[in-house]
Amino acid sequence: MGDEKKREGAGMSRRTFALGVGGAGVLLAMGGLKLVPAEAQVRPPGGQDESRLVASCIRCERCVEACPRGALRPAHIEDGIVSVRTPTTNFNDGWCDFCADENDGVPLCVAACPTEALALPADATAETTIIGKAVLIREWCLAWDKNNGCRFCYDACPYEAIELDENGRPVVVPDNCNGCGACQSVCVSQKEGSYTTGATSRAIIVVPESEA
Amino acid sequence: MSQKLRIIIPLALLGAAGVAYAAHVSAGTLSAFGWESISLICPIGALGTMLASKMLVPRAVISIVLAVAAILLLGRAFCGWLCPVPVWSKLRGIFKKGGTSTAGAASGISSAPDAAPGISSVGGDLGRPSATEATSAAPATKATPLSAAEKRALKTSCAGGCSSCADRKPADSRHIILGGTLLSAAIFGFPVFCLVCPVGLSFAMVFLLIALFGGGDVTWSVLIIPALIAVEVIFFRKWCSHLCPISSFMSLIGRANRTFQPAIDDAKCLETAHNATCGRCAEACEVGINPRHPELGTTFNECTRCHACADVCPGHAISFPLIARKTAGAPALEPTTAGASGTSAIEPELDLDEPSETLS
Numbered sequence: 001m002g003d004e005k006k007r008e009g010a011g012m013s014r015r016t017f018a019l020g021v022g023g024a025g026v027l028l029a030m031g032g033l034k035l036v037p038a039e040a041q042v043r044p045p046g047g048q049d050e051s052r053l054v055a056s057c058i059r060c061e062r063c064v065e066a067c068p069r070g071a072l073r074p075a076h077i078e079d080g081i082v083s084v085r086t087p088t089t090n091f092n093d094g095w096c097d098f099c100a101d102e103n104d105g106v107p108l109c110v111a112a113c114p115t116e117a118l119a120l121p122a123d124a125t126a127e128t129t130i131i132g133k134a135v136l137i138r139e140w141c142l143a144w145d146k147n148n149g150c151r152f153c154y155d156a157c158p159y160e161a162i163e164l165d166e167n168g169r170p171v172v173v174p175d176n177c178n179g180c181g182a183c184q185s186v187c188v189s190q191k192e193g194s195y196t197t198g199a200t201s202r203a204i205i206v207v208p209e210s211e212a
Numbered sequence: 001m002s003q004k005l006r007i008i009i010p011l012a013l014l015g016a017a018g019v020a021y022a023a024h025v026s027a028g029t030l031s032a033f034g035w036e037s038i039s040l041i042c043p044i045g046a047l048g049t050m051l052a053s054k055m056l057v058p059r060a061v062i063s064i065v066l067a068v069a070a071i072l073l074l075g076r077a078f079c080g081w082l083c084p085v086p087v088w089s090k091l092r093g094i095f096k097k098g099g100t101s102t103a104g105a106a107s108g109i110s111s112a113p114d115a116a117p118g119i120s121s122v123g124g125d126l127g128r129p130s131a132t133e134a135t136s137a138a139p140a141t142k143a144t145p146l147s148a149a150e151k152r153a154l155k156t157s158c159a160g161g162c163s164s165c166a167d168r169k170p171a172d173s174r175h176i177i178l179g180g181t182l183l184s185a186a187i188f189g190f191p192v193f194c195l196v197c198p199v200g201l202s203f204a205m206v207f208l209l210i211a212l213f214g215g216g217d218v219t220w221s222v223l224i225i226p227a228l229i230a231v232e233v234i235f236f237r238k239w240c241s242h243l244c245p246i247s248s249f250m251s252l253i254g255r256a257n258r259t260f261q262p263a264i265d266d267a268k269c270l271e272t273a274h275n276a277t278c279g280r281c282a283e284a285c286e287v288g289i290n291p292r293h294p295e296l297g298t299t300f301n302e303c304t305r306c307h308a309c310a311d312v313c314p315g316h317a318i319s320f321p322l323i324a325r326k327t328a329g330a331p332a333l334e335p336t337t338a339g340a341s342g343t344s345a346i347e348p349e350l351d352l353d354e355p356s357e358t359l360s
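Quick mapping for you: the protein sequence lines, in order, are chains A and B. Sequential numbering of the first sequence, starting at 1, is according to full-length UniProt numbering. Sequential numbering of the second sequence, starting at 1, is according to full-length UniProt numbering.
Don't read these hints as lab results, they were simulated from the structure. Ideal placement from N, C-alpha and C gives every residue a C-beta, glycine not left out. Worth double-checking, as some hints may not be accurate.
Claimed, not checked - Covered by chain B, per the in silico footprint, the following chain A stretches (three or more residues, Cβ under 8 Å):
{"hint": "1", "segment": "27-33"}
{"hint": "2", "segment": "62-76"}
{"hint": "3", "segment": "80-93"}
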């Protein structure tokens, strides 16, 4: 700042100085937006340390582009101001298997992240990395609400994290769930529209581990 | 032609990024472009992310080094050729007068004669005794001091004919904002500027539109992001010259740039070859550089290599050589090295741009 002061004396007009200080002030005030409570997001693998992700992410959206399953999306303004354009998951279209086929189990989003906002320990695997936890909403679930024996999520789960109860209704086993989103991607409760009323999401969704 | 290219290239970059996004090819944006694990990060983003996370990120360090090298070689060429912001700011002309910036430049030229008849009439040499004198005395013709009448004429033409002068001339407020950008990232622990960077937002806008029409992803961001760009760039007119911290970074590093700067071939320049007054290059310059009389304009570290001066030069005298040849023309680029005896004497009173800046 001392440098700028000096140059002000050397010829920066008062108006220019005020503009600069005003602009810098706006940026400092915007830093305070971090204090605004934001909804927790399900982050891509390696982004579970929220403070690190927010600190490092430059919102370049490389990870979103890199995901071969379309399982990532940039967060929107509705997800919280500071989260805008940071990566969050979108398991309605695809789910995360750590790019087992595409990149030998090393997630492409993590490889693409230039600022290490997404970073995994060397020994991380899909099984040991908890992206989030699946939650089943019984009021919207066809098996629970309509008793129609729907078990798409049970069939899709690669980690035996969904069991069927004595009536054939799915139940999540949180200890086995790593939040891969396979169940959410196949859930038909909302796709079939009229089957459930008042549903704002699918009947089984992945939520941040802290909210499970 | 170069002026059209300067609109086409940034739009093509946006389009290419959009195609890559839709195809799930991780090619990135100007915030960070590359291939798979290779990335070149925006230097402001790289500095911000490291200050915020307090981590040394190899790819960020490499990106900063490469950016500095590029700026040392090409100055602010990014601003002139790749950045989408100048393209958006041209939209302002459409809203205002139904004309683009070229219309503005034309009106500037046409109105100049009213304010200062001597300056823009190419043929009419107002009688510059000092000029002819210096030509015969020293080869450094372009360091010729301007006569008092000419300085007055320049001043009046600036204050009257060309009102955009002060707006386009880069100001040091940028540097304070760059300081605020880095300080804010360090204090609050996230790259704050990335949130509102109009370059990043431009690409985000393309992605949002693809998601909206391609995937039905409806969000308020679709309205808020373009509104933010409009406020920053179109409504608030001084983004590039007065506010942008990226421009500040390039301007600061660019002070050490000596290559590919506009150089005048004295054998072709109307002022030196035909003893005429012209000044078209200075009128055309978007950042207020005066290639013919550098001491009257902005310093060369602000040059965006936009080639506007070369395009308008009636004698086609301006080129952008790797290194300006140290011939008669060269001293003009660096007033301090101009050997002409008169130069050092007039230097103190050459702060013509000072009053004009404070005037408006």
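*Per the coverage rule (Cβ-Cβ under 8 Å, at least three residues), is the segment 27-33 of chain A covered by chain B?*
holds (count 6)
*Counting residues of the segment 80-93 of chain A whose CB is closer than 8 Å to a CB in chain B, do you get three or more?*
With 5 residues in contact (Cβ-Cβ under 8 Å with chain B), the coverage given for the segment 80-93 of chain A holds.
*Within the segment 62-76 of chain A, is the number of residues with a Cβ closer than 8 Å to a Cβ of chain B three or more?*
holds (count 11)
No hint from the list above goes unmet by this structure.
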